[in-house]
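Novice: Going down the list, the sequences are from chains A and B.
First residue of the first sequence? That's 616 in our numbering, and the numbers climb one at a time after it.
First residue of the second sequence? That's 471 in our numbering, and the numbers climb one at a time after it.
What the hints contain is simulated information worked out from the structure, not anything from laboratory work.
Yeah, the Cβ is synthetic: ideal placement off N, Cα and C, and Gly gets one too.
There could be a bad hint or two in this list.
Here are a few chain A residues that sit away from chain B, every Cβ distance over 12 angstroms (derived from the structure) [as the list claims (entries may be wrong)]:
id	residue
1	A767
2	L798
3	L813
Listed next, with one range per pair, are the computed distances between beta-carbon atoms [unchecked claim]:
id	chain 1	residue 1	chain 2	residue 2	range
4	B	E746	A	R828	21 to 29 angstroms
5	B	R745	A	T829	18 to 26 angstroms
6	A	S872	B	R632	27 to 35 angstroms
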Amino acid sequence: MASAATRFPQPGPAPIVETSWTAKDLLDTDTLSLAEINLILDQAGAMKDVRQRQGKLATLRGVAVVTLFYEQSTRTRASFEMAAKLLGADVVNLTASGSSVEKGETLIDTVRTLEAIGADLLVIRHGSSGAPYLAARNTSAGVINAGDGAHAHPTQALLDAFTLRENLGDLKGRRVAIVGDVLHSRVARSNIWALTALGCSVILCGPATLIPRTLEDGTEEGRYMVTDSIEEALDGADAVMALRMQRERQESGLIPSLRAYVRDYQVNSARLALARPGAIVMHPGPMNEGIEIAQDVAHGITSTIEEQVANGVAVRMAILYHMALARQRR
Amino acid sequence: MTGLTLFSGAHVIDPANGIDAKLDVLVDGPVIANVAAGIAADDARVVDATGLLLLPGFVDLHAHLREPGFEQKGTIETETAAALRGGFTTICAMPNTDPAPDDASTVEALKGRIGRDAHVRVFPIGCITRERAGLSLAELSELADAGCVAFSDDGHPVTSPRLFRNALAISRSLGIPISEHSDDPALSAGGVAHEGRVSERLGLRGYPAAAEINAVARNIELAEATGARLHLAHLSCARSVALVADARARGLNITSEVTPSHLFLTEDAIAGPGREPAYDTNARINPPLRTEEDRKALLAGINDGTIDAIATDHAPHATEDKLCEFDHAAPGISCFETAAATILTLIDRGELDPAAAWAALTINPVRAFGLQHRVPGLGTLSVGAPADLVLLASSEAWTVDPARFVSRGRNTPLGGITLTGHVRAVMASGKLWEMGANDD
């Protein structure tokens with residue numbers, strides 16, 4: 616991590632540091648190069664070190680970060696806010712209930728207003744897939760997708776990748792099983808692109824009604840596959856990620872019951888025994904303990920669930936840092 | 471000056487009369503006077519049509535004019551001007567207006583507006599159910615007497631099979647076809663894109679093919695049971711085409727249509743060509759753009775005559791209806807001004823058989839709705855037919871610029887796309903409109 620440490624800025628006004636990050640926005644992991652992913656992960660490692668040594672920094676003093684959340688969130692919003700404040704940025708938090716359309720103000724008007732107010736970076740969560748793309752096309756501020764519909768959640772994927780790398784080292788050839796409601800999961804989608812770029816094999820697993828059917832023959836170097844068999848998914852896995860099971864999936868008839876889901880797809884110790892010894896257990900949160908993940912597994916010795924949350928702050932610091940610098944250079 | 475106009479040297483195509491040759495066309499006032507080689511008419515205004523295709527004006531079974539009720543999206547005046555520019559001289563107006571034409575008084579009011587403002591011939595389509603709510607039947611006999619050429623609830627399928635069967639039975643006795651948007655909302659509700667590769671990749675709620683296919687099957691069965699004239703609006707799935715072919719093989723008088731959009735585009739139009747998904751709201755349409763396999767089946771359906779008509783489903787929207795999140799975008803494409811060029815491009819690529827395509831834009835839609843009984847000769851260049859015709863420059867390439875649309879709706883996924891073929895001039899009821907060479 617030496618090279619990353621040398622890139623890390625000293626406290627004070629944001630210095631202009633050469634980085635290889637040039638993109639205005641971070642909307643998904645599918646357009647990131649391996650170099651960009653590694654840049655963020657290396658930078659996050661440095662952020663984590665420095666944070667432990669120095670606490671709050673002033674690197675992004677004068678940079679205005681606005682979080683604009685059209686959907687509820689605890690960890691992602693708090694994580695972004697913490698990350699921005701630890702870098703010395705000014706943070707404005709906005710929440711909007713329902714869609715921008717129903718509110719009467721369009722998303723485009725909102726982002727243009729925020730840009731006029733002085734926002735440098737917009738962190739957007741929205742219930743409609745693609746909404747941050749619309750926002751990004753209509754503002755010169757940098758847009759970070761903090762989760763859009765069932766589409767993408769790139770910062771979650773990057774923090775998952777960071778956590779995997781910290782625990783497993785080089786990810787080339789590692790098997791990561793993602794279990795649950797893959798079809799509606801933005802976390803799963805962004806993880807596919809980030810983890811396969813890092814050389815992982817990704818196995819997506821869930822009930823037949825909740826796994827994508829057309830990704831099965833996906834040929835993105837053949838490094839992900841889809842299965843409805845949890846035994847197949849966990850067999851030899853280096854890491855197992857359980858996804859949140861939404862209660863409304865039962866109501867809409869996609870699964871017979873939560874009981875059936877637990878029976879067939881819960882990540883529990885018996886199933887975890889199929890994975891590699893010491894395989895890590897992950898969850899993007901918020902968890903339904905006892906539903907998609909057994910309590911003893913969620914809090915077991917190889918669980919990284921709390922680590923993921925802590926790493927999320929460091930990864931978002933790295934992202935905010937590089938995006939703020941890229942904006943200053945524009 | 472007499473009322474004579476001579477179009478000389480055109481490549482004349484008149485599918486109804488089996489004409490496909492270099493000929494002259496003489497128009498006398500509002501009617502076709504002669505189609506022959508070397509017509510001499512010294513006192514006629516001569517239009518040199520050398521190098522151009524000359525066809526009967528196009529007939530559209532499915533258009534949305536938005537008036538009354540949604541004039542911010544379009545009016546009878548603006549949208550019939552767009553139709554004219556696109557070569558459509560007869561259009562059938564879908565009833566999704568406010569108020570909806572569900573009795574004689576609303577149709578009479580609509581006809582008054584059409585008489586005052588329309589640039590082309592407009593036939594109203596009346597509702598199947600009161601306020602298109604799907605709960606009770608509209609005043610069907612009143613609507614027939616008031617001049618409605620078909621019944622439809624447009625984008626609202628009649629979900630109750632019993633009510634739909636009753637509507638078919640009554641429509642049969644009135645001699646009026648029913649144009650049905652075949653969809654099972656129990657499967658498609660909430661869907662915004664074809665359920666498949668693109669919807670799963672982009673995290674969009676899926677609109678499965680089975681929602682249309684099931685409804686097509688139901689509607690064919692009920693049409694057979696009642697003996698009614700059923701017209702299936704804007705088919706989008708390969709299986710739907712197969713069901714129609716099967717029904718026709720059994721001797722059923724089922725007609726159907728497909729839009730230029732579904733013939734030209736697939737679900738990929740939503741994602742766009744870039745590395746980053748476009749979430750192009752202008753590619754959101756009901757039924758959704760589907761797979762390449764579906765598109766090929768729809769093309770084959772036109773080429774082999776299984777699908778009768780190419781209908782635009784012209785659906786203008788205001789800018790803000792599309793400049794929003796994909797989930798919230800209004801479905802529909804402003805199609806009049808790109809339809810002919812889209813078809814010409816597909817012909818140029820060898821994907822559409824020209825004879826079949828031209829029939830699907832002229833005589834076939836006329837017959838599907840029985841319009842020849844209302845206006846004799848409509849959709850043909852027969853002597854005495856209305857002087858409705860379109861002149862096309864078939865190899866002229868141009869780039870679609872929605873800002874230059876006459877339609878109030880600039881909502882097209884074809885913006886920036888280069889098409890081959892252009893409408894050069896249109897004659898509607900004997901009045902000539904020249905579009906000039908395209909200046910792109």
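Novice: Now tell me if each hint is right for this structure.
Specialist: Each hint tested on the structure:
1. Annotated as non-interface, A767/A brings its C-beta within 12 angstroms of a C-beta of chain B; the closest such distance is 7 angstroms.
2. Distance to chain B contradicts L798/A as a non-interface residue, since its nearest Cβ pair spans about 7 angstroms, not more than 12 angstroms.
3. A cut-off of 12 angstroms between C-beta atoms confirms that L813/A is not in contact with chain B; the least separation is 19 angstroms.
4. The hinted range of 21 to 29 angstroms is satisfied by E746/B and R828/A, whose Cβ atoms lie roughly 24 angstroms apart.
5. Checked against the hint of 18 to 26 angstroms, the pair R745/B and T829/A passes, with Cβ atoms roughly 19 angstroms apart.
6. Taking 27 to 35 angstroms as the suggested C-beta distance range, the pair S872/A and R632/B conforms, at roughly 34 angstroms.
In terms of the numbered hints stated before, the structure departs from hints 1 and 2, listed from lowest to highest.
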